Amino acid sequence: MSINTEEMILNMGPQHPSTHGVFRLKLHVNGETITKAEPVMGYLHRGSEKLAEGFIYTQFIPYTDRLDYMNAMTNNYIYCAGVEKLLDWEIPERAEYLRIITMELNRIASHQLWWGTYLLDIGALSPFLYALRDRETVLDRLNEISGARMTFNYMRIGGVKWDAPDGWIEKVKESVKVLRENIAEYDELVTGNEIFQARTMNVGTLTKEQVINWGLSGPIARGSGVDIDIRKTEPYSIYDRFDFEVPVETKGDAYARYKVRIAELHQSLNIIEQACEQIPAEGDIIHKKGARIMMIKPPAAEAYTRAEASKGEIGVYVVSNGKTKPYRVKLRRPSFVNVSILQDMLVGESIQNVVAIFGSLDVVLGEVDA
Amino acid sequence: MFRLLKGFGITLNYFRKRKVTIQYPEEKVAMPERFRGIHRFFPDKCIVCDLCVKVCPTDVITLTGKKSEENPKKKIIDTYNIDFQGCILCDFCTEVCPTDAIVMTARFENLSSYNRSTHFKDMEWLTNNHAYGYYEESEAGPEAGSRGEVK
Ligand code: SF4
Ligand code: SF4
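Which chain is which? The protein sequence lines are A and B, in order.
Residue 1 is where the first sequence starts when you use UniProt numbering, and the numbers rise one by one after that.
Residue 1 is where the second sequence starts when you use UniProt numbering, and the numbers rise one by one after that.
Errors might be hidden in some of the hints.
What the hints assert, rightly or not - Covered stretches of chain B, as calculated for chain A (at least 3 residues, CB under 8 Å):
1. 33–42
2. 116–124
What the hints assert, rightly or not - Each computed BS3-like pair below joins lysine-lysine, with the alpha-carbon atoms no more than 25 Å apart:
3. A:LYS289 <-> B:LYS54
4. B:LYS19 <-> A:LYS173
5. A:LYS297 <-> B:LYS19
Claimed, not checked - Partner residues aside, some chain B positions facing chain A, computed with beta carbon under 10 Å:
6. GLY7
7. GLY9
8. THR11
9. GLU95
10. CYS97
In short, the hints are calculated from the structure, not lab data.
Bear in mind that the values here come from a model prediction, so they are computed numbers and not experimental data.
By construction, the Cβ of each residue, glycine as well, lies at the ideal position given by its N, Cα and C atoms.
Could you build all of it, start to finish, from the sequences and the hints given here?
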C-alpha cells in the first residue's frame, strides 16, 4: 500500500533553540525527507560594514567583537592586522605573543562552547555543564587581561591595549594544565559514546568537492580531508614559530568535524604553552604611534588580510582614502559562507538530522548577519 | 555499551570533587581589577577637553563646561551625562581621558530598569558610583536600586 504524501513547507526558526540566535530554515519536506532547504538570514543584521565607514579606525574594534562573539579576539586581530598592513607597521614582539596567547585561548573557549551546545542540541545535557565550567577557566584569564569576558576590545592598531598583569603568564600555564585534563575528559565522556556515534556518524557527509566548490573553511573543510589552515599555509602574526599540527579527518561527516575540533583544542593548548615559554619578559606592547588612537591615518591604499578563526577563514578588506576614517571595510565572515552549504547538504536528509547537521557546522549568527 | 558506562563513571567521580557553582546573587564573583564595568566620574579632575565625547563610538556622552570662577582661563565641568542605553562599555572614554576623570569600575549589575529614561545617568549619579569593589545598596546613587516608574 502506498500513502500519498504531499510536499509541505516547514519553518524552522527564526526562534529555534538549536540555532543559538535568530536564523530561519525553510524546509520543503516530503514525508520526513527534505527535498529543498533555504536558509533565510539577516534577522541580526546590524550593518557593521557600513558602520565602519563612520568611525575612526580604532572605534570599529569593539564592533568586530560583536561579529563572532564566541571568538572575538581573532576578529579584533584581523581588523587590526588589516589596518596595520596599510600602515606598514612593525608590531612589537611581546604584543605578538600576547596576541597569539589570547587568540588561542579564545579558540579554545569557542570550541568548548560549541562542544557543549552541540551535544545539548542532540540531546545530552551534562556535557554542556562541563563545557561551561571549563570555558570559565579560559574566560577568567581573558577577563584578567582585557577586562571583559566576551567583548574583549583588547587589540589595538599596532599592538595590544594592555600588558599582561603580574603573574598572568604563570596563571595561563596553570590553566593549560587544568584544561588538558578537562579536555581529556571530554573524550572519555562523549567521543566513544555509542549513542553519540550513532547520532553523528555518516550524518551530514560533505565531500571534498563540495567543500571546495562552496568555499567552506575551518574545521568543516578539515573534516572532509581538505588540509587548509591559514596558520600553516599562510602564517600570519608569528605562527611560523610554533610547532603544531593541523588535524585533518577524511570522512566528512558530523563525527569527523567533531574529532577535528577536539584535536584542535589540544593543538591550541600546545601553541599556548610554547608561546608562554618564548614570550619576551618585557618590551613594548604597542607601536609607538599606535597609542594615539585619534591620530591613525593610513595612506590611501587597500589591503586584504586573513586569519584562521575558530569557525574558518576570516578576512578583512580595508580601503583607505588617506583620511582618519576607513573608506570601506569588507568582512569575510566564515560562518556566513559556511551556512550557505545547508541548501545543498540538507537535501535528502531526514528532519531528525537537521539539528545534528546544523550544529556540526558551528555557525554563530552574529557573524552570519554582521 | 562499555563507553557509555565509562562516561557515567566520570560523572560519579564528581560527587567527591569541589563544587564550582556560585550562589549568585548572595555570592558574587570577584571581577579583576581591569574589569570594564559601569563608569565613575571625578568632576574635579575633568579639564573639559571633550576627547571622551569625540572617541565614543556610540555618541552617548554629552557634556558642557563653564568658566571657572577662580581662574577665568580654566574651564570646569558643568554637566556630564552618559546614556547607558547605548553605551557598549568599550572603555575608549577611559583610554583617551588625559586626567583619568572618567574611569570604569568593577560594577556590572543594577543597571537594568523598567524605564528607558532611567538609563540616562547624570554627573551626580556617575560621581556617586563609588563601586570599585562591590556595590552596596547604601552607596547607591540617586536612582540606583529604584525600579523606575513604569509608564
Ligand atoms: S564605554 Fe565606550 S560607549 Fe560607553 S561611554 Fe565610554 S566610549 Fe562611549
Ligand atoms: S576626556 Fe576626561 S578630561 Fe576630557 S572631557 Fe572627558 S572626562 Fe573630562
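- Is the hinted pair B:LYS19 and A:LYS173 satisfied, with a Cα-Cα distance of at most 25 Å? Given pair B:LYS19, A:LYS173 holds - Cα atoms ~23 Å apart, limit 25 Å.
- Message: Under 8 Å between beta-carbons, do enough residues of the region 33–42 of chain B, three at least, approach chain A for the coverage claim to hold?
- Response: Per the Cβ count (4), the hint holds.
- Query: Does B:GLY7 pass the interface check with chain A, least Cβ-Cβ distance below 10 Å?
  - Reply: Hint holds; B:GLY7 Cβ to chain A Cβ min 5 Å, cut 10 Å.
- Query: With a cut-off of 10 Å, does the beta carbon of B:GLU95 approach a beta carbon of chain A closely enough for the hint to hold?
  - Reply: Holds, because the Cβ-Cβ distance from B:GLU95 to chain A comes to roughly 7 Å (cut-off 10 Å).
- Taking the closest Cβ pair, is B:CYS97 under 10 Å from chain A? 12 Å, violated
- Query: Do the numbers back the hint for B:THR11, that is, is its least Cβ distance to chain A under 10 Å?
  - Reply: 7 Å, holds
- Taking only the CA atoms, is the gap from A:LYS289 to B:LYS54 under or equal to 25 Å? Cα-Cα ~19 Å, so holds.
- Given B:GLY9 was flagged as interface, is its beta-carbon under 10 Å from a beta-carbon of chain A? This hint holds: B:GLY9 lies near chain A, its Cβ roughly 8 Å from the closest one there, short of 10 Å.
- Message: For a C-alpha distance cap of 25 Å, please report whether A:LYS297 and B:LYS19 respect it.
- Response: Judged against 25 Å, a Cα distance of about 51 Å means the pair is violated.
- Query: Are there three or more residues in the region 116–124 of chain B whose C-beta lies within less than 8 Å of some C-beta in chain A?
  - Reply: n = 0 at 8 Å, threshold three: violated.
Hint check: violations occur at hints 2, 5, 10; the rest are consistent with the structure.
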